[in-house]
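Enquirer: Letter by letter, the chains look like this.
Protein chains: 2
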Amino acid sequence: MTEHFSDRLIRSIRAKKSVVCVGLDPRFDKIPESIRAAARAKYPNDVFAAAGEAILRFNMGIIDAISDLVPVVKPQIAFYEMFGAAGVQAFADTLKYAKSKGLLTIADAKRNDIGSTAEAYAQAFLGTTEIFGEKVAAFDADSVTVTPYLGWDGIKPFMDVCKNTGKGIFVLVKTSNKSSGDLQDLKVVTGTQAETEPAFGVVGHFAESWGADDIGEEGYSCLGAVVGATYPEQAKKLRAIMPTTIFLVPGFGAQGATIDDVLPCFNAGGMGAIVNSSRDINFAYEKSDKYGADDFAAAAREKVIEMNEQLKMVFDLS
Amino acid sequence: MTEHFSDRLIRSIRAKKSVVCVGLDPRFDKIPESIRAAARAKYPNDVFAAAGEAILRFNMGIIDAISDLVPVVKPQIAFYEMFGAAGVQAFADTLKYAKSKGLLTIADAKRNDIGSTAEAYAQAFLGTTEIFGEKVAAFDADSVTVTPYLGWDGIKPFMDVCKNTGKGIFVLVKTSNKSSGDLQDLKVVTGTQAETEPAFGVVGHFAESWGADDIGEEGYSCLGAVVGATYPEQAKKLRAIMPTTIFLVPGFGAQGATIDDVLPCFNAGGMGAIVNSSRDINFAYEKSDKYGADDFAAAAREKVIEMNEQLKMVFDLS
Numbered sequence: 001m002t003e004h005f006s007d008r009l010i011r012s013i014r015a016k017k018s019v020v021c022v023g024l025d026p027r028f029d030k031i032p033e034s035i036r037a038a039a040r041a042k043y044p045n046d047v048f049a050a051a052g053e054a055i056l057r058f059n060m061g062i063i064d065a066i067s068d069l070v071p072v073v074k075p076q077i078a079f080y081e082m083f084g085a086a087g088v089q090a091f092a093d094t095l096k097y098a099k100s101k102g103l104l105t106i107a108d109a110k111r112n113d114i115g116s117t118a119e120a121y122a123q124a125f126l127g128t129t130e131i132f133g134e135k136v137a138a139f140d141a142d143s144v145t146v147t148p149y150l151g152w153d154g155i156k157p158f159m160d161v162c163k164n165t166g167k168g169i170f171v172l173v174k175t176s177n178k179s180s181g182d183l184q185d186l187k188v189v190t191g192t193q194a195e196t197e198p199a200f201g202v203v204g205h206f207a208e209s210w211g212a213d214d215i216g217e218e219g220y221s222c223l224g225a226v227v228g229a230t231y232p233e234q235a236k237k238l239r240a241i242m243p244t245t246i247f248l249v250p251g252f253g254a255q256g257a258t259i260d261d262v263l264p265c266f267n268a269g270g271m272g273a274i275v276n277s278s279r280d281i282n283f284a285y286e287k288s289d290k291y292g293a294d295d296f297a298a299a300a301r302e303k304v305i306e307m308n309e310q311l312k313m314v315f316d317l318s
Numbered sequence: 001m002t003e004h005f006s007d008r009l010i011r012s013i014r015a016k017k018s019v020v021c022v023g024l025d026p027r028f029d030k031i032p033e034s035i036r037a038a039a040r041a042k043y044p045n046d047v048f049a050a051a052g053e054a055i056l057r058f059n060m061g062i063i064d065a066i067s068d069l070v071p072v073v074k075p076q077i078a079f080y081e082m083f084g085a086a087g088v089q090a091f092a093d094t095l096k097y098a099k100s101k102g103l104l105t106i107a108d109a110k111r112n113d114i115g116s117t118a119e120a121y122a123q124a125f126l127g128t129t130e131i132f133g134e135k136v137a138a139f140d141a142d143s144v145t146v147t148p149y150l151g152w153d154g155i156k157p158f159m160d161v162c163k164n165t166g167k168g169i170f171v172l173v174k175t176s177n178k179s180s181g182d183l184q185d186l187k188v189v190t191g192t193q194a195e196t197e198p199a200f201g202v203v204g205h206f207a208e209s210w211g212a213d214d215i216g217e218e219g220y221s222c223l224g225a226v227v228g229a230t231y232p233e234q235a236k237k238l239r240a241i242m243p244t245t246i247f248l249v250p251g252f253g254a255q256g257a258t259i260d261d262v263l264p265c266f267n268a269g270g271m272g273a274i275v276n277s278s279r280d281i282n283f284a285y286e287k288s289d290k291y292g293a294d295d296f297a298a299a300a301r302e303k304v305i306e307m308n309e310q311l312k313m314v315f316d317l318s
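In the order they appear, the protein sequences are chains A and B. Sequential numbering from 1 applies to the first sequence in my numbering. Sequential numbering from 1 applies to the second sequence in my numbering.
There's no promise every hint is true.
Because identical chains share one entry, a pair is satisfied inside a single copy or across any pair of copies.
As the list claims (entries may be wrong) - Derived pair list, reagent style EDC-like, types lysine to aspartate or glutamate, alpha-carbon separation capped at 20 angstroms:
| # | residue 1 | residue 2 |
| --- | --- | --- |
| 1 | Lys163 | Asp93 |
| 2 | Lys163 | Glu286 |
| 3 | Lys290 | Asp260 |
| 4 | Lys287 | Glu233 |
| 5 | Lys312 | Asp289 |
| 6 | Lys135 | Glu33 |
| 7 | Lys135 | Asp260 |
| 8 | Lys163 | Glu302 |
| 9 | Lys163 | Asp68 |
| 10 | Lys30 | Glu302 |
| 11 | Lys178 | Glu134 |
| 12 | Lys101 | Glu130 |
| 13 | Lys30 | Asp140 |
| 14 | Lys30 | Glu218 |
In case anyone wonders, no lab produced these hints; they're calculated from the structure.
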């Protein structure tokens with residue numbers, strides 16, 4: 001029997017006393033010159049392969065530096081797809097390496113489509129594909145982010161795979177960006193004409209119900225939600241609507257959200273949320289007097305320790 | 001000066017007298033055994049590479065058979081990502097091959113994210129990435145499908161790339177699946193409390209306005225919309241809201257929509273929409289008494305000719 005995704009995540013949060021998710025968003029021009037040069041020497045005639053190699057080496061450095069400190073990492077696939085199939089291979093290899101170091105993984109891919117296509121995405125990111133009678137995993141992430149715009153039949157194929165594999169998904173509910181209100185804050189009529197709710201709240205209700213059939217021993221669903229730290233009021237409302245949903249919280253640090261902003265995302269005892277930071281950790285060396293580019297891993301480790309320290313107060317929440 | 005995406009599409013529709021978009025959604029188990037065996041022989045120790053090779057060969061057969069008949073093809077990336085990086089390479093090679101045969105391409109990827117990440121996706125699918133001072137294109141599609149849930153700042157980075165490259169995007173507005181109403185049909189309050197509009201209509205208004213600054217000579221924006229043929233009433237409403245937006249219309253054939261259902265998607269003279277069919281064309285051989293699996297390309301050609309014939313009445317719309 002495979003352990004439930006939410007139980008795996010929560011037990012790792014407890015073991016590592018950390019609610020931090022490290023985003024792995026490589027920016028090619030910020031990868032140390034030493035790594036880039038070595039990659040180019042290895043693939044002198046293929047810039048894509050060289051870029052993929054540089055990204056993987058950089059990520060391995062970050063992962064080695066932080067794997068004992070946090071429960072989970074989240075590579076954002078856009079920054080890999082920029083480098084074509086070689087970039088996607090680096091994405092797959094990064095997930096594999098993180099797993100080998102005891103980290104859970106979130107493929108931040110924001111996928112979704114109609115039923116049969118959603119099934120293909122679920123197989124690609126969480127499950128296996130049968131080729132010549134052999135079942136092989138394309139990416140084998142522990143979880144993947146998905147968009148809600150197509151409704152339940154775009155979510156169900158992911159849930160079916162989660163049930164059989166102990167994997168999870170995070171559905172976008174309230175995103176951290178400035179324009180997130182364009183659609184997510186629309187006033188939706190619920191019940192009688194007089195009652196309205198913002199669209200993100202309606203999506204929150206949907207997400208909580210979509211996950212209700214698959215709750216782990218720790219009381220959380222394998223269906224999580226993306227809730228931006230940049231909207232603390234909305235997060236508080238969603239926390240009340242979605243008691244059994246784990247929040248993946250972007251927006252801390254580089255996007256401007258503070259500790260106070262992320263607190264409403266948590267339930268008692270520091271459970272129910274993980275807080276992501278990408279740029280601030282990956283390229284911590286840039287803002288440091290102590291570290292140069294070649295010390296990116298040490299700078300990242302120091303930044304994660306600082307972030308764990310800042311966030312440890314969530315474990316005292318009651 | 002690069003020609004505007006909508007002009008390129010509309011001129012090709014006129015030249016080929018076809019509003020058909022051929023979806024390229026390979027299903028590994030439906031690819032003829034002869035192609036699969038040859039691919040396996042070429043890559044005996046790498047099932048992913050063998051699958052990628054089989055997919056590419058199959059797609060090349062389809063493209064060769066239909067390139068003179070239709071303006072545009074649309075590979076759905078989920079069916080490639082199932083095969084990992086090798087599948088993604090087959091996706092890139094399929095786009096390249098289609099382009100070499102004079103076809104426009106839609107990367108059906110339904111991507112989106114917050115600003116900086118949307119920028120990375122736009123570079124990946126439509127633009128170029130700079131590696132070691134060299135500007136290279138990861139996928140080089142003519143257009144890509146995107147989701148609207150994050151609002152304008154998830155769309156703008158794509159529009160910026162479109163403006164410089166003559167590329168386009170198709171934003172999901174009303175999707176063809178059964179549950180599309182879960183979110184898309186929510187009753188949204190507009191103006192006073194008494195006036196409401198379904199969410200897809202609000203998104204339609206947004207999409208029309210998002211594209212309003214970039215209209216080509218033929219009167220259409222480089223921002224198109226995905227509008228499912230399975231909801232003809234909603235399509236009619238959207239056609240009125242979005243006069244300068246080209247509709248990409250899924251749902252014809254395998255998903256049940258008929259000619260009558262797609263008619264409301266068109267403006268006068270058969271303009272303003274393209275109708276996608278994937279499975280019915282790719283695997284036309286399965287439903288044929290005349291063709292076996294090895295004749296998949298001839299069966300696909302016959303099916304496309306039939307579909308062009310069925311849809312030619314749209315050119316007489318006034």
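Enquirer: How would you classify Lys163 and Asp68 at a CA-CA limit of 20 angstroms: within, between, both, or neither?
Expert: neither (28 angstroms within a copy, 46 angstroms between copies)
Enquirer: Under a CA distance limit of 20 angstroms, which applies to Lys163 and Glu302: within one copy, between copies, both, or neither?
Expert: neither (37 angstroms within a copy, 42 angstroms between copies)
Enquirer: At 20 angstroms max between alpha carbons, let me know whether Lys30 reaches Glu302 within a copy, between copies, both or neither.
Expert: within (18 angstroms within a copy, 52 angstroms between copies)
Enquirer: Reference check for the pair Lys290 and Asp260, CA-CA at most 20 angstroms: within, between, both, or neither?
Expert: neither (28 angstroms within a copy, 69 angstroms between copies)
Enquirer: Give the relationship of Lys135 and Glu33 under a CA distance limit of 20 angstroms: within one copy only, between copies only, both, or neither.
Expert: between (39 angstroms within a copy, 18 angstroms between copies)
Enquirer: Taking 20 angstroms as the upper bound on the Cα-Cα distance, should Lys101 and Glu130 be classified as within, between, both, or neither?
Expert: Close neither inside one copy (27 angstroms) nor across copies (31 angstroms); limit 20 angstroms.
Enquirer: Please work out whether the CA atoms of Lys287 and Glu233 approach to 20 angstroms or closer within one copy, between two copies, in both situations, or in neither?
Expert: Result: close neither inside a copy nor across copies, 30 angstroms intra and 55 angstroms inter.
Enquirer: When no copy is named, should Lys178 and Glu134 be tagged within, between, both, or neither for a Cα gap of at most 20 angstroms?
Expert: neither (45 angstroms within a copy, 33 angstroms between copies)
Enquirer: What label fits Lys30 with Glu218 when the C-alpha limit is 20 angstroms: within, between, both, or neither?
Expert: For Lys30 and Glu218, the Cα distance exceeds 20 angstroms both inside one copy (40 angstroms) and across copies (43 angstroms).
Enquirer: State whether the alpha carbon distance between Lys163 and Asp93 is at most 20 angstroms within one copy, between copies, both, or neither.
Expert: neither (25 angstroms within a copy, 35 angstroms between copies)
Enquirer: At most 20 angstroms between alpha carbons: which applies to Lys163 and Glu286, within, between, both or neither?
Expert: Cα proximity of Lys163 and Glu286: none, with 42 angstroms in one copy and 33 angstroms across.
Enquirer: For the identical chains here, do Lys135 and Asp260 meet the 20 angstroms Cα criterion within one copy, between copies, both, or neither?
Expert: neither (46 angstroms within a copy, 43 angstroms between copies)
Consistency note: the structure conflicts with the earlier hints numbered 1, 2, 3, 4, 5, 7, 8, 9, 11, 12, 13, 14.
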